[in-house]
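Student: Top to bottom, those sequences are chains A and B. Using this note's numbering, you'd call the opening residue of the first sequence number -1 and step up by one each time. Using this note's numbering, you'd call the opening residue of the second sequence number 5 and step up by one each time.
Hints were generated in silico from the structure; no laboratory data involved. All figures in this text were calculated on a predicted structure; none of them were measured in a lab. It is possible that part of the hints are untrue.
Covered stretches of chain A, going by a simulated chain B footprint (3 or more residues, C-beta under 8 Å) [claimed, not checked]:
id : segment
1  : 33 to 41
2  : 46 to 52
Only pairs whose alpha carbons sit at most 20 Å apart, straight line, appear in this in silico EDC-like list of lysine to aspartate or glutamate [what the hints assert, rightly or not]:
id : chain 1 : residue 1 : chain 2 : residue 2
3  : A       : K4        : A       : E55
4  : B       : K23       : A       : E1
5  : B       : K23       : A       : D57
6  : B       : K33       : A       : E55
7  : B       : K221      : A       : E45
8  : B       : K350      : B       : D387
9  : B       : K23       : A       : E45
10 : B       : K318      : B       : D338
11 : B       : K165      : A       : E55
12 : B       : K23       : A       : E35
13 : B       : K33       : A       : E35
14 : A       : K21       : B       : E403
15 : B       : K23       : A       : D50
16 : B       : K33       : A       : E0
17 : B       : K23       : A       : E19
18 : A       : K4        : B       : E26
19 : B       : K165      : A       : E35
20 : B       : K33       : A       : E1
21 : B       : K416      : B       : D338
22 : A       : K21       : B       : E98
23 : B       : K352      : B       : D338
Glycine included, every Cβ here is placed at the ideal spot set by N, Cα and C.
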Amino acid sequence: MEERLKEMGERIRELRRVAEELKDIGGDIEAVRRNVERILASVRILELNICDVEDLERDV
Amino acid sequence: MQERSIYWNPILERMPREKLQELQLRKFKRILRWAYERSPFYRRLYREAGLEPEDIRSFEDIRRVPKVEKAMLREVQQRPPFPYGDILTVSLEEVTAFRQTSGTTGTPVYQADTWQDWEWWSECWAYILYAQGYRATDRVFIPFGYNIFVAFWAGHYAAEKIGCEVVPGGVLDTQARILKMQELRCTAFMATPTYVLGMAEVAREKLGIDPRDLGIKRITCAGEPGASIPTTKRRMEEAWGCPVYDHIGATEIGAWSYECTFQPGGLHVNEAFFLVEIEDMETGELIEEPGREGKMIITAFDRLAKPCIRFDSKDVIRWADYECECGRTFRLIDGGVIGRADDITKVKGVLLAPTAIEEVVRGFPELGDEYEVIVSKRGEMDDILLKVEIRPGYEGSREEILARLRDQLRLKTNLGYRIEVHPYGSLPRYDVKAKRFKDLRKRE
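Chain A extracted, bound-state conformation (with noise of 0.2 Å):
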């Protein structure tokens, strides 16, 4: 599960990443700006799921 973990992290915090480019790039247009907040909720609900625990075990 360790392995699993921290590939699942890994992915979401790369959805972040790619996600706040995307906004940057964006820049003043409402639908890219708008849709990516959505997307970075849904993003934050992951890290919630996923990376917390994966932060946990990392510093443990």
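Please arrange chain B on chain A, whose structure you already have, making use of the hints.
Tutor: Leaving out everything else, chain B in the frame of chain A:
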């Protein structure tokens, strides 16, 4: 494969308790710092108590964090920014949803949520519904007035997230809702216990439909304690021919607890998203042992716009002394919310919880679903009047039923009652939360 079928997230729901507690401590520190750095209300509260975020290093330290009461939330609403006050951690532009409390205990509290918070709300509900067996194959009917009260809003979005097909039963009346459920062959619905029983009565008596023939496979309750009161739960399950599950949540908190399909007699606390502390109602001492009732103090770890940190909910709960066979490591509270600290009142010198009366009345199949309790003063003495209805066909046994009812009430509540029998169907019916307990002494 088995695990996938019953857990929404097995990583959190089956986490060893030691790790879970470590996670809780980290998340508590995170939300405290978030609130301290961004919310003037929380910063004032903590600075006045001489507390800085770095002071929190252990669970013992959490006990030093000042509690938040509903009156404080009402008071802060008088400050800018309108209408929430300076408890907010985000700008008003980031707020995407308004909800408010029902106001049954005073001025309503306004709740601000960002889209992030709303995703979190529906995630909390996804844990609940998945644990109660909701799947993508379900067609879920939601018969509530979609409005300013949070009620089943997040349940709607969570059901969609799980993949269910959701039928919003908003402005339809009860008969139309039942007919729509029948027409669409819905498999599940969500309602208050009062309305679950009310719908069954309307189906039987106004439409000539036996609710058990509608094919409902599961019902989720909220808003009232009924689904955790064994006699009320049994009544609902018998009426609809399917399991009825409880869940507990609140506008200011989130959806923090749920019953799973194993129905162990208690509800799991979602400890990955919430910290529940139980305090002795008189001494304030922390209660860790099972079976001892106390007041719940709750923290939502991930609610951001208007954080909920050590909120004194006034809900009375107790830890269970049993475990659930479902395999979740989340602790159980026994019998759901037993009452509210401000509802439990002294009558004739005896502490009385309205839920105890409900448990007795609903245990009599000869009595209708509705009842009313009125506490008043007769001269210098407290008086309790209980109004009930006898179901058609049982009127001939009226005296025998009332004698048994008096005995059971005396046994369960240590109090004597005046009992009035009203014609069947004449006591008030409610669509959402019922107001069956009236204490007139406060007005006298």
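Student: Let me make sure I understand: some of the numbered hints might not hold for this structure. Which ones are they, in numerical order?
Tutor: Hints 7, 11, 12, 13, 14, 16, 17, 20, 23 not satisfied by this model.
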